[in-house]
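> Chain by chain, the residues:
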Amino acid sequence: MRRSPLPARRFVVGTLGVVLLAVIWELYKLLGPAEGVVLGGVTVLPRTSDIAMPHLWVMAARALEPVTGAGAAVPLWRAVLDASLFTLGISAVGWFVGVTVGLALALLMQRFRLAEAAVLPWIILSQTVPLIALAPLVRRWGSQIQFGAFSWESWMSVALIASYLAFFPVSVGALRGLSSPDANHVDLMHCYSAGWWKTLWRLRLPASVGYLLPALRLAAASAVIGSVVAEVSIGLRGGIGRLIVEYAGAAGGDPGKPWAPIFGSVLLGLVAAGFVGLIGLGLRRFRRGEVAA
Amino acid sequence: MSGLERDGAPGEVPVAAPVAVPGAVSGNLAVDVRGVSRVFAGRKGASVTALADVSLTVAPGEFVSLIGPSGCGKSTLLRLIADLDTPTAGEIRVFGKPARQARIDQDYGIAFQQAGLLPWRTVSGNIELPLELHGVGRTARRARAAELIELVGLSEFAGHYPDQLSGGMQQRVAIARSLAESPSLLLMDEPFGALDEMTRERMQNELVRICAETSAAVVFVTHSIPEAVFLSNRVVVLEPRPGRIRDVLRVGLGDTGGRGETLREDEAFFHAVSQVRELLHGEAPAGARGVEAR
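Sequence lines, in order, name chains Z and H.
For what it's worth, the working numbering labels the leading residue of the first sequence as 1, then goes sequentially.
For what it's worth, the working numbering labels the leading residue of the second sequence as 1, then goes sequentially.
Incorrect hints may have been included.
What the hints assert, rightly or not - Only part of the chain Z face toward chain H is listed, based on derived beta-carbon distances under 7 angstroms: (1) 140; (2) 184; (3) 187; (4) 191; (5) 192; (6) 194.
Quick caveat, the hints were computed from the structure, so don't treat them as lab data.
We put the CB at the ideal spot given by N, CA and C, even for glycine.
So that you can see chain Z by itself, here it is in the shape it has in the complex (with noise of 0.2 angstroms):
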């Protein structure tokens, strides 16, 4: 088995990259021409005047000023945070909910053929629907829903179209490592008499541990995207896309404001895809022999 790199090597090389990005952006904005690159008629590369890309620090700063003038204002960073939590938290309950959909699927299309047949090709023809497209349905739907106490709120929307977009990757994937075990220990299982339950419990299960987890983390990715689209084409409050495009406003006369909630949704994907990363880890037994991912 060959080993991964150290941990603090990876660092290190994780660091360089973004310190680079950084020198890439810096450098550009030292060097590029006043307007830009443009390739008949076409911008190729941005300009570089302090409104269209407004020095790192100038970010940096902005972000530790308070939102607004008025005298009440959070710094923006918090701001920006309780967003991001805002956005994860409906990210995670839609990850779940896609989790569980694509697994029960690939459960489905592994156990019966016909249901691969007759299930497979929806799954795929799902993703081709734009998301701009579904929000509104979803949105109108949803507040037709009410029984009891319960009542369809918006923010369960933004979540069920960040599970339509997160239960794609994992039924594929879990499709996929179900049907990975070799025929020899599918002939195995079948000499022990072992049923289809037993023979998932103990073979294919774990044996789609190595598929899962790309597919995994495909799906915590889909899914704070899934929320941050939602969001914006929902209308919902108090997120990061909304605050993303209502942000996006300000560029004008406050040019550092709008990147800090896209700051604020790139550390969204990260800890999303770190939280995927944590379940690797609990699952590393399963994944011997494979190749260092």
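Mind docking chain H on chain Z? Use the hints.
Frame of chain Z, contents of chain H only:
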């Protein structure tokens, strides 16, 4: 070690071994294959006859090898006995029961060419798998696994994972796993096929020892002539297209307990090897011709 005697005259298809083996009364047999055919349906109506009217018996405690060129249906026959496949015609009984029932009752242990260990389980965990599936308690499982690990000489490696073991070690674990439930019948499909010659001979010696200790009947698929001769009481030679038994050779090289490294140098061993080779090449065995150079 008087050498060999053949079952049946040349050219005659031996239906079953003459009842020279102790306990070989129907119903008391480890394996009883009667008139079994297996036809695989191909595309456009073309079908492949993997086995045509094969009959074979294996007595309790007997070691029988199936040998033949590829496509002769030796693995198919083993899979039929294991109930991994069902015959198109004929009947297979294992310890007097239908093959399916024998599988459900776990009357046999099985090992394939690939060790087929679960990579996420340790050596001990892999050996415990069949016991775990059949509801044996944790302590009993541990004890049995430790016993078998000892038997195959891997005591220091009980906690290792398969990827930390060599091919030969993995195969030993697979054999230990096949013995987990103390079966009276072992089905082995080229278990040493993927090993180098040195490891292979060592494994053969160990298998002979293990068989002596467990007194299980063995059906052993191989394409190595010396391997078949060294291990077996009887060597069943199959021919391809359609797969059928060409001849059965009784190898009288002493009981399994007495076989050792010296047997490989024995005159009788070479004689048996050349006889099997001649059978495989489709000629009547002529003892005077000796070992044919290939």
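> Now look at each hint and say whether the structure bears it out.
Hint check:
no.	hint	verdict
1	140	violated (47 angstroms)
2	184	holds (4 angstroms)
3	187	holds (5 angstroms)
4	191	holds (5 angstroms)
5	192	holds (5 angstroms)
6	194	holds (5 angstroms)
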